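Protein chains: 2
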Amino acid sequence: MNDNKIGTYEFVAEPFHVDFSGQLTMSVLGNHFLNCAGFHASERGFGMGTLNEANYTWVLSRLAVELDDMPRQDERFAVRTWVENVYRLFTDRNFAVVDHEGRTIGYSRSIWAMIDMDTRKPADLLALHGGSIVDYVCDEPCPIEKPSRIKVSGGELVASLKAKYSDIDLNGHVNSVRYIEHVLDLFPLDTYKQQRVRRFEMAYVAESYFGDTLSFYRERVADDEYHVEVRKQGDEVVCRSRIVFEKKQ
Amino acid sequence: MNDNKIGTYEFVAEPFHVDFSGQLTMSVLGNHFLNCAGFHASERGFGMGTLNEANYTWVLSRLAVELDDMPRQDERFAVRTWVENVYRLFTDRNFAVVDHEGRTIGYSRSIWAMIDMDTRKPADLLALHGGSIVDYVCDEPCPIEKPSRIKVSGGELVASLKAKYSDIDLNGHVNSVRYIEHVLDLFPLDTYKQQRVRRFEMAYVAESYFGDTLSFYRERVADDEYHVEVRKQGDEVVCRSRIVFEKKQ
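In the order they appear, the protein sequences are chains D and S.
Counting in this note's numbering, the first sequence runs from 7 upward without gaps.
Counting in this note's numbering, the second sequence runs from 7 upward without gaps.
Same shape as in the complex, but just chain D:
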């Protein structure tokens, strides 16, 4: 029953997509997730292409990734994706990462809205193509917690940068994947030598643009857990992130 509801896409961990330890980076995995969301939706008639014609586009609101392992350089792996829920203004899309031996090594949950490209206002998903997206809702399990409400009270300013040419996507915004990269760049190599990212979350709050000064405020909330708030021009929140590390074995 779930066969046509789940999309499966194959990848190889490319040499320049792995980190110093030879593991695929979280930002590249995030990029694959977003591409798979696009492939899955397009193949079923509710992708960006179709929506753009109708003047609507998908906007990523939340992303949570939890992994037991990461593909290594040159290893094949697959990403599976499906829609878990459709509400009027949001839809929940999940992902699973399957390694070259067929083991599921991680999951991801994402929350998306659809907006009108002129008014930037959210659209009614249940009205889209006569609500046909609901036909793809799938009860495949996704045994990780939902994206949490990330709070950063205070936090230390640990980095700031100006959004540059290579940060900017076709919509003129700093792209969603770049924030993942910038947040993980807040930690020294030593952190990644001893620990791996077990869970990573991102809550996208507002857009930022070329030339914006992005400030990164970091708060350590537990031995192995950090919250990060990214602000533009010093005050307006752009996104928040939660990183949970785990000792490498």
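Note that these hints are calculated values from the structure, not bench results.
Any given hint might turn out to be false.
The list cannot tell twin chains apart, which means a pair is met if one copy fits it or any two copies do.
Once the Cα atoms are required to be at most 30 Å apart in a straight line, the calculated DSSO-like pairs of lysine-lysine come out as [said to hold, decoys possible]:
(1) K127 <-> K254
(2) K254 <-> K157
(3) K254 <-> K170
(4) K253 <-> K11
Note that this is a predicted model, so its numbers are computed, not measured.
With chain D fixed as given, assemble chain S onto it according to the hints.
Only chain S this time, still in chain D's reference frame:
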């Protein structure tokens, strides 16, 4: 005769791999080139995998790219690659970019050395696998100029940054593709609104590492041409780049 000498690899311009104007970025194209070099060499028995076993690895020394056009978001394109020359210490590898209509829209030339991973000294390519790489030398035309000798005399310090987690590859070095990105990030969005990069060159001189401070010195040598020198810790040259712009039509 050249059939097995040329490798052809298919790609799609992914949404997060295009810039604000919807065109594939030079750094992503560079990444594809390096991957194709790897595929082509591996399939013919002189790739990294085989060499690593023999304790040797390929090192990119020069890259020159010249383009009439760039693939747009969601467009299919292909990269073709072949070996033009093999000398004792260097080999010339060329690339062609073919768009979704089968038009060749650009070419690239690259120069590689093979080094011993322990001594970091160059190895004799003509001795590698009994010189079998020579069997793949191919006379396919590549109608762009060879990489030039880039000189930066003086130049203005226009940016500086610390090498971060996401800059570092499996060898512990700032990866070759990242330099392309950092160099192109030296120009404002307005430059890319009015102009496109017709020719891009990179000469890799020395490695840089996590935490290194990279300084970018830029010199305008003609109306449409810039040279950039990247230095670490203020003085040692890491790489040099040449960017030739052309008015967008």
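Hint check:
For the homomeric pair K127 and K254, neither the shortest alpha-carbon distance inside one copy (44 Å) nor that between copies (34 Å) is at most 30 Å. Taking the shortest Cα distances, K254 and K157 sit within 30 Å of each other inside one copy (27 Å), while across copies they are farther apart (45 Å). In this homomeric assembly, K254 and K170 come within 30 Å of each other (Cα to Cα) only across copies, at 20 Å, whereas the closest approach inside a single copy is 34 Å. For a Cα distance limit of 30 Å, the shortest separation of K253 from K11 qualifies neither inside one copy, at 36 Å, nor across copies, at 47 Å.
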